[in-house]
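Model the placement of chain X on the given structure of chain Z, informed by the hints.
There are 2 protein chains.
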Amino acid sequence: MKVSVLFSGGKDSSMAAILLEPFFEVELVTCNFSLLSTDEIAAEVASRIGLPHRILNMDSDILENAYEMIIRDGFPKNAINYIHQKTVESLALEDGVKFIADGTRRDDRVPVLTASQIQSIEDRFYVNYLCPLRGYGRTAVNQLVKTHLIIQEALSDDISKADYEAELRELIKLRHGIDIIEKLFPPHVQSKVIERIK
Amino acid sequence: MKVSVLFSGGKDSSMAAILLEPFFEVELVTCNFSLLSTDEIAAEVASRIGLPHRILNMDSDILENAYEMIIRDGFPKNAINYIHQKTVESLALEDGVKFIADGTRRDDRVPVLTASQIQSIEDRFYVNYLCPLRGYGRTAVNQLVKTHLIIQEALSDDISKADYEAELRELIKLRHGIDIIEKLFPPHVQSKVIERIK
Numbered sequence: 093m094k095v096s097v098l099f100s101g102g103k104d105s106s107m108a109a110i111l112l113e114p115f116f117e118v119e120l121v122t123c124n125f126s127l128l129s130t131d132e133i134a135a136e137v138a139s140r141i142g143l144p145h146r147i148l149n150m151d152s153d154i155l156e157n158a159y160e161m162i163i164r165d166g167f168p169k170n171a172i173n174y175i176h177q178k179t180v181e182s183l184a185l186e187d188g189v190k191f192i193a194d195g196t197r198r199d200d201r202v203p204v205l206t207a208s209q210i211q212s213i214e215d216r217f218y219v220n221y222l223c224p225l226r227g228y229g230r231t232a233v234n235q236l237v238k239t240h241l242i243i244q245e246a247l248s249d250d251i252s253k254a255d256y257e258a259e260l261r262e263l264i265k266l267r268h269g270i271d272i273i274e275k276l277f278p279p280h281v282q283s284k285v286i287e288r289i290k
Numbered sequence: 093m094k095v096s097v098l099f100s101g102g103k104d105s106s107m108a109a110i111l112l113e114p115f116f117e118v119e120l121v122t123c124n125f126s127l128l129s130t131d132e133i134a135a136e137v138a139s140r141i142g143l144p145h146r147i148l149n150m151d152s153d154i155l156e157n158a159y160e161m162i163i164r165d166g167f168p169k170n171a172i173n174y175i176h177q178k179t180v181e182s183l184a185l186e187d188g189v190k191f192i193a194d195g196t197r198r199d200d201r202v203p204v205l206t207a208s209q210i211q212s213i214e215d216r217f218y219v220n221y222l223c224p225l226r227g228y229g230r231t232a233v234n235q236l237v238k239t240h241l242i243i244q245e246a247l248s249d250d251i252s253k254a255d256y257e258a259e260l261r262e263l264i265k266l267r268h269g270i271d272i273i274e275k276l277f278p279p280h281v282q283s284k285v286i287e288r289i290k
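Top to bottom, those sequences are chains Z and X. One gets our numbering by counting positions in the first sequence from 1 and adding 92 to each. One gets our numbering by counting positions in the second sequence from 1 and adding 92 to each.
Honestly, the hints are just simulated from the structure, not real lab data. Check the hints yourself; a few may be wrong.
[Unchecked claim] Straight-line Cα separation of at most 20 Å, PhoX-like style, residue types lysine-lysine; simulated pairs:
(1) Z:K275 / Z:K169
(2) X:K275 / X:K169
(3) X:K290 / X:K238
(4) Z:K190 / Z:K94
(5) Z:K190 / X:K238
(6) X:K238 / Z:K94
(7) Z:K290 / Z:K238
(8) X:K94 / X:K190
(9) Z:K238 / X:K190
(10) X:K94 / Z:K238
(11) X:K178 / X:K190
(12) Z:K169 / Z:K265
Chain Z with its partners taken away, still in its complex shape (with noise of 0.2 Å):
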């Protein structure tokens, strides 16, 4: 059984995929807007921890889309929820995409998909939606971040990651300027992946 693993080159969707490794057959996939080279990043990651990697090229709509959010509401939340479900369900669209997953731990508010909206990705693709990490707690998934990797962790500004919000902040860089970014997306330490401890 194959499964999708949505991934950033952070240590929680790393986890998930080592989580799910004994039990599937794994591929890493990175959604890129084409407006960083999140793909470069989130490959190198991949790579350093031993399972297959592609991108998976997203209509800049979408980004669009998620930019007005943001620059409406005044937070983050909404956009990156927004891209995470088009990702999802551009995933789901593929032919041999049965199971996706993700690196959604328990305490996770963003991004997150709802009951309802798993069970309608799940109803409406047929394809199953797994986040191994659900029922884990942040204490219980640093421990097992700590035994199977190497990490860095940083405030977004000081790390290039392969997530949704990389490109969404360069998007709103580009077009207002360096200094609103941090007045939207509020200061928050991020991790990536260096190394795998096999």
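Same frame as chain Z, now just chain X:
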């Protein structure tokens, strides 16, 4: 890292244990109130799965309280959740128990601890509570089960399992006869693991 998996001999707790096995030192734990030999039933299934197993002897007051709840309520939900919570707490009190897991799926309703119950247990007892199947829907769990386990499925009356319900049903039967059982417990299909596919 050792994890203690609450184990009924059914497909969900077995599959949860199998998902954890590559990452933790797994022990299966079955609670018993000395009313039925659910300990032997569980030990037999555990040996077929090939994982170490032990019994958690529970205070009969807890079964008594659960009995009062179900008689008062007329349905089993609160009684079963109560036994589950008390079992997790008993286990969490033990020295050396740092990770406790169960077989809760995404769409399970009973027994399920709420987010605040889980948080409270983690904070009071310094343990991590894991639900490896929490991010998996019914179909996905069934697919995994089909790959890893041979199971028997039947209505609760016709299956000898080591779940919380078994001894509660027995106590009610001893005190009120068998007819009340089907009034209190809606008929539902249960599973028991017969063999592990290696």
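Tested hints:
At most 20 Å may separate the alpha-carbon atoms for a hinted pair to count; K275 (chain Z) and K169 (chain Z) meet this at roughly 14 Å. Proposed proximity of K275 (chain X) and K169 (chain X) is supported: the alpha carbons are some 14 Å apart, at most 20 Å. This hinted pair checks out: K290 (chain X) and K238 (chain X) have alpha carbons roughly 12 Å apart, not beyond 20 Å. Of the supplied pair hints, the one linking K190 (chain Z) and K94 (chain Z) holds, its CA atoms being roughly 7 Å apart against a limit of 20 Å.
Using a Cα cut-off of 20 Å, the hinted pair K190 (chain Z) and K238 (chain X) holds, with the two alpha carbons roughly 16 Å apart. Distance restraint check for K238 (chain X) and K94 (chain Z): the Cα-Cα separation of roughly 15 Å lies within the 20 Å cut-off, and the hinted pair is therefore satisfied. For the given pair, K290 (chain Z) sits about 12 Å from K238 (chain Z) by alpha-carbon distance, which is consistent with the 20 Å threshold. For the suggested pair K94 (chain X) and K190 (chain X), the alpha carbons sit about 7 Å apart, so the restraint of at most 20 Å is met.
Distance restraint check for K238 (chain Z) and K190 (chain X): the Cα-Cα separation of roughly 16 Å lies within the 20 Å cut-off, and the hinted pair is therefore satisfied. Pair hint K94 (chain X) plus K238 (chain Z) holds up; C-alpha atoms about 15 Å apart against a cutoff of 20 Å. Between K178 (chain X) and K190 (chain X), the direct Cα distance comes to roughly 16 Å. Compliance with the 20 Å bound is thereby established for this hinted pair. Among the hinted pairs, K169 (chain Z) with K265 (chain Z) is consistent with the structure: their alpha-carbon atoms are about 18 Å apart, no more than 20 Å.
Going down the numbered hints, you'll see the structure goes against none, and every one checks out.
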